[in-house]
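These protein sequence lines map, in sequence, to chains E and Y. Take the first sequence: its letter number 96 is residue 96 in the numbering used here, and every next letter is one higher. Take the second sequence: its letter number 35 is residue 35 in the numbering used here, and every next letter is one higher.
Quick caveat, the hints were computed from the structure, so don't treat them as lab data. Keep in mind that the hints are not guaranteed to be accurate.
Which stretches of chain E does chain Y cover? Using the computed rule of at least three CB atoms under 8 Å from a CB of chain Y, they are [claimed, not checked]: (1) 25-37; (2) 52-65.
Between beta-carbon pairs, the in silico distance windows are [said to hold, decoys possible]: (3) Y:G267 <-> E:G19: 36 to 46 Å; (4) E:C27 <-> Y:K228: 32 to 42 Å; (5) E:T86 <-> Y:D377: 47 to 57 Å; (6) E:G19 <-> Y:G41: 36 to 46 Å; (7) E:G19 <-> Y:P456: 46 to 56 Å; (8) E:N72 <-> Y:G41: 53 to 63 Å.
Virtual Cβ for every residue (Gly too), placed ideally from N, Cα, C.
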Amino acid sequence: MKDFSLEQSGNVAVLAVSGPVTVERACELKEILMKALQGADQVVFDLEGMTEVDLSCLQILCSAHRTATRLNKSITLGNVRPEVFTSALECSGFERHTGCVLDTTKSCLWVKEKEKNVV
Amino acid sequence: MAGLIESNRNAFKEEAYELLSELEASLLELEEKPDDRELIGRVFRAMHTIKGSGAMFGFDRISRFTHEVETVYDLVRNEKMSVTRELVNLTLAARDIIRSLLDAADEDDATDIKRADEVVAALRRLVGCEEGSQPTCVKTETQAKCTDTPGNPPSSPVTYRIRFRPPFDIFHRGIDPLFLLDELKGLGKCRIVAQTGSVPSINEFDPEGCYTYWDAILTTDRGINAIKDIFIFVEDGALDIVVIDKEGELDDENSYKKLGEILVEQGDISFDELRKTLSEQKKLGELLIEKGLIASDKIEAALLEQQHMREQKELRQKAEAASSIRVASEKLDGLVDLVGELVTVQARLSQYASLRKDSELLLISEVVERLTADLRDRTMNIRMLPIGTTFSKFKRLVRDLSQELGKQIELTTDGAETELDKTVIEKLNDPMVHLIRNSIDHGIETPEERSEKGKPPVGRIHLSASHSGASVLIQIQDDGAGLDREAIRAKAVEKGLIGPESELSEKEIFALILAPGFSTAQKVTNVSGRGVGMDVVKRSIDALRGQIEISSKNGEGTTVTLILPLTLAIIEGLLVRIGKDHFVLPLSVVKECVELTEEDAAEAHGRHIANVRGRIIPYIKLRERFGINGYVPDIEQIVIVEIGDDNIGFVVDAVIGEHQTVIKSLGAFYKHVEGVSGATILGDGTVALILDVSKIAMLAEEEEKTCFRI
Numbered sequence: 001m002k003d004f005s006l007e008q009s010g011n012v013a014v015l016a017v018s019g020p021v022t023v024e025r026a027c028e029l030k031e032i033l034m035k036a037l038q039g040a041d042q043v044v045f046d047l048e049g050m051t052e053v054d055l056s057c058l059q060i061l062c063s064a065h066r067t068a069t070r071l072n073k074s075i076t077l078g079n080v081r082p083e084v085f086t087s088a089l090e091c092s093g094f095e096r097h098t099g100c101v102l103d104t105t106k107s108c109l110w111v112k113e114k115e116k117n118v119v
Numbered sequence: 001m002a003g004l005i006e007s008n009r010n011a012f013k014e015e016a017y018e019l020l021s022e023l024e025a026s027l028l029e030l031e032e033k034p035d036d037r038e039l040i041g042r043v044f045r046a047m048h049t050i051k052g053s054g055a056m057f058g059f060d061r062i063s064r065f066t067h068e069v070e071t072v073y074d075l076v077r078n079e080k081m082s083v084t085r086e087l088v089n090l091t092l093a094a095r096d097i098i099r100s101l102l103d104a105a106d107e108d109d110a111t112d113i114k115r116a117d118e119v120v121a122a123l124r125r126l127v128g129c130e131e132g133s134q135p136t137c138v139k140t141e142t143q144a145k146c147t148d149t150p151g152n153p154p155s156s157p158v159t160y161r162i163r164f165r166p167p168f169d170i171f172h173r174g175i176d177p178l179f180l181l182d183e184l185k186g187l188g189k190c191r192i193v194a195q196t197g198s199v200p201s202i203n204e205f206d207p208e209g210c211y212t213y214w215d216a217i218l219t220t221d222r223g224i225n226a227i228k229d230i231f232i233f234v235e236d237g238a239l240d241i242v243v244i245d246k247e248g249e250l251d252d253e254n255s256y257k258k259l260g261e262i263l264v265e266q267g268d269i270s271f272d273e274l275r276k277t278l279s280e281q282k283k284l285g286e287l288l289i290e291k292g293l294i295a296s297d298k299i300e301a302a303l304l305e306q307q308h309m310r311e312q313k314e315l316r317q318k319a320e321a322a323s324s325i326r327v328a329s330e331k332l333d334g335l336v337d338l339v340g341e342l343v344t345v346q347a348r349l350s351q352y353a354s355l356r357k358d359s360e361l362l363l364i365s366e367v368v369e370r371l372t373a374d375l376r377d378r379t380m381n382i383r384m385l386p387i388g389t390t391f392s393k394f395k396r397l398v399r400d401l402s403q404e405l406g407k408q409i410e411l412t413t414d415g416a417e418t419e420l421d422k423t424v425i426e427k428l429n430d431p432m433v434h435l436i437r438n439s440i441d442h443g444i445e446t447p448e449e450r451s452e453k454g455k456p457p458v459g460r461i462h463l464s465a466s467h468s469g470a471s472v473l474i475q476i477q478d479d480g481a482g483l484d485r486e487a488i489r490a491k492a493v494e495k496g497l498i499g500p501e502s503e504l505s506e507k508e509i510f511a512l513i514l515a516p517g518f519s520t521a522q523k524v525t526n527v528s529g530r531g532v533g534m535d536v537v538k539r540s541i542d543a544l545r546g547q548i549e550i551s552s553k554n555g556e557g558t559t560v561t562l563i564l565p566l567t568l569a570i571i572e573g574l575l576v577r578i579g580k581d582h583f584v585l586p587l588s589v590v591k592e593c594v595e596l597t598e599e600d601a602a603e604a605h606g607r608h609i610a611n612v613r614g615r616i617i618p619y620i621k622l623r624e625r626f627g628i629n630g631y632v633p634d635i636e637q638i639v640i641v642e643i644g645d646d647n648i649g650f651v652v653d654a655v656i657g658e659h660q661t662v663i664k665s666l667g668a669f670y671k672h673v674e675g676v677s678g679a680t681i682l683g684d685g686t687v688a689l690i691l692d693v694s695k696i697a698m699l700a701e702e703e704e705k706t707c708f709r710i
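With these hints in hand, go ahead and build the complete structure from the sequences.
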């Protein structure tokens with residue numbers, strides 16, 4: 001069970017990952033994300049089956065989000081977030097209060113749920 | 001100069017004693033949890049501190065000896081040796097030697113030196129055999145030197161700002177940057193923000209490249225080298241470390257740097273840009289982002305730094321606020337004395353004010369009264385210590401004694417946080433040692449005996465402390481053999497303490513074991529059985545104005561309860577008058593006051609017995625007892641006092657009321673006066689004696705008996 005699967009219905013594509021999502025599979029992840037963004041307006045990244053994650057995955061997601069924003073599309077994370085993912089977010093310092101300059105739609109993947117006010 | 005050195009030496013001694021008792025507790029815990037790294041660290045640090053400050057103040061022998069023990073724990077700490085029972089035993093022995101070296105710091109005691117040499121030899125043997133099994137182990141001498149080299153990490157925490165820009169191809173080198181960050185977090189309190197500004201859109205994205213860099217704020221006491229060590233496999237340019245706060249430096253300022261200052265300092269924005277933006281008077285962070293001058297993650301990093309420093313400062317302030325100062329107990333005693341005087345003067349003021357019928361004066365006197373009461377409570381509170389420190393000493397006692405006697409005993413405690421006056425705690429130590437020794441030696445059986453009786457092989461001793469009104473109850477409970485009533489009785493008859501026919505209640509029988517020279521143990525062991533224990537206990541508890549209660553079930557165990565007053569300096573008293581003299585009875589034992597008329601007395605046909613709501617209460621006429629002559633009022637008062645299970649009345653002329661009694665000792669000259677436990681000074685400057693009611697009752701009882709015999 002270490003597949004990336006892409007299912008599309010209408011404008012919504014669900015990209016489900018399972019097993020380790022690390023640098024060894026970074027190229028594969030990039031390809032499938034590009035495909036998802038080409039085919040649909042709304043991409044949901046389902047990470048329930050994720051067993052391991054590293055910096056490469058976080059970077060690709062960040063990049064995909066920027067691309068989506070520029071194309072007026074959206075990418076969101078699934079609601080079920082495995083412990084490995086949340087702890088990687090915390091450890092890597094990706095977690096933050098506001099999105100970056102490019103995040104014009106306020107949909108940054110890394111913004112903490114409850115804290116949205118700053119400065 | 002000599003005085004200064006002397007006071008430093010004393011400070012070291014005090015610190016060392018404290019460290020030693022901590023060490024003991026840690027060791028006992030370590031014995032149960034030999035793999036607990038935290039505990040091993042604590043033991044090591046205690047040894048290290050004793051060694052270091054010992055050498056500084058000229059306690060060379062202690063320092064040299066402690067060094068040997070520390071060396072072993074360094075091996076343990078580095079997982080080159082494991083914690084065994086033998087090691088714990090040796091370390092406990094070593095602790096005792098350090099203690100006695102401290103006690104006799106200025107003399108040469110040959111036995112200590114010999115014992116120290118033995119322990120050192122044993123420790124070396126222990127290290128030796130461990131080394132045999134692990135040939136990689138370095139010689140102990142060099143090991144110990146490592147910990148002493150000058151490059152030692154500074155002990156006070158420093159806050160660093162770290163910018164880590166890993167090379168683009170870091171993944172290809174097989175390094176996971178998150179792993180490095182995780183290690184960084186292990187050094188101390190750390191906040192990390194990823195800077196993702198250069199992540200490109202997905203078409204240009206190289207999945208195996210690293211686009212991210214990090215800003216971290218780390219507060220650690222491990223030193224800059226520890227940080228550099230983590231990033232040892234990435235080249236120098238990748239790392240930028242700045243010290244932003246050394247311990248305490250920033251505390252004088254009102255708050256940490258402003259957001260803008262941090263950003264300018266980091267070089268993320270120029271000062272001019274900052275000033276221009278600031279002049280527009282909006283929230284700086286939002287403005288900067290809106291203007292596109294700076295990426296939000298940079299703001300994020302700066303904000304986090306601000307927050308981190310604020311929290312750090314708060315933490316430090318909290319620690320400072322919670323910290324304590326060491327005060328010589330004489331100073332406290334002086335304070336208590338003064339407060340005592342103040343309470344006395346205040347009583348006088350209140351008395352005077354109420355006589356004068358001057359409402360203004362009355363008002364002032366009431367305020368003074370309230371403040372004095374507060375001051376008194378606070379002052380008494382300062383002297384209160386939790387009894388837990390005493391409890392933890394007994395762990396060692398139980399461990400050593402039970403090993404010596406081949407018994408298995410578990411000590412549990414309850415209510416360690418119960419506070420008692422410092423003097424009471426100090427004086428409580430010896431009697432409690434006696435009682436626990438008794439429980440271990442006479443009470444709890446050997447594992448074989450216990451198994452035969454169907455009890456678990458491990459015996460239990462439970463120490464508990466709790467408040468009960470103005471007293472503290474301390475219980476020593478064991479699940480041993482219990483007291484043998486018949487044996488006690490037989491022994492008491494043999495010793496002539498009681499007549500062969502006398503009938504005694506269970507309580508009275510148990511009270512017999514408190515008599516001097518009483519021991520039912522068949523043989524004298526090195527622990528107890530000499531018959532000096534229990535009467536010493538009784539005397540010490542009496543001296544503390546406390547009581548002892550014993551209850552026991554044969555075969556199931558014994559419970560000794562010590563009832564002690566909270567403090568020795570001030571008690572709530574009941575002030576009474578006989579003729580022109582005033583006396584104080586401790587309010588804690590007073591149950592009620594009733595009138596005694598001449599008719600009542602006549603009804604009893606000359607016997608000193610009163611009928612109080614159908615109950616017969618014997619009374620003692622204090623007027624007769626103290627030989628006070630003069631006019632006897634028609635209606636006298638009986639103060640009914642509870643002594644043990646009995647109620648006894650004390651007849652006085654008048655009851656004046658509650659009185660905050662500051663206890664003054666009577667001085668050596670009056671040491672042998674029985675029935676009086678102290679004196680106090682009243683508002684008008686006269687002296688009132690504080691009555692020892694149980695003693696008076698006992699004396700009266702004895703006199704009566706002699707009368708009958710004649």
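Any hints from earlier that this structure breaks? Give me their numbers in increasing order, please.
No hint contradicted; all consistent.
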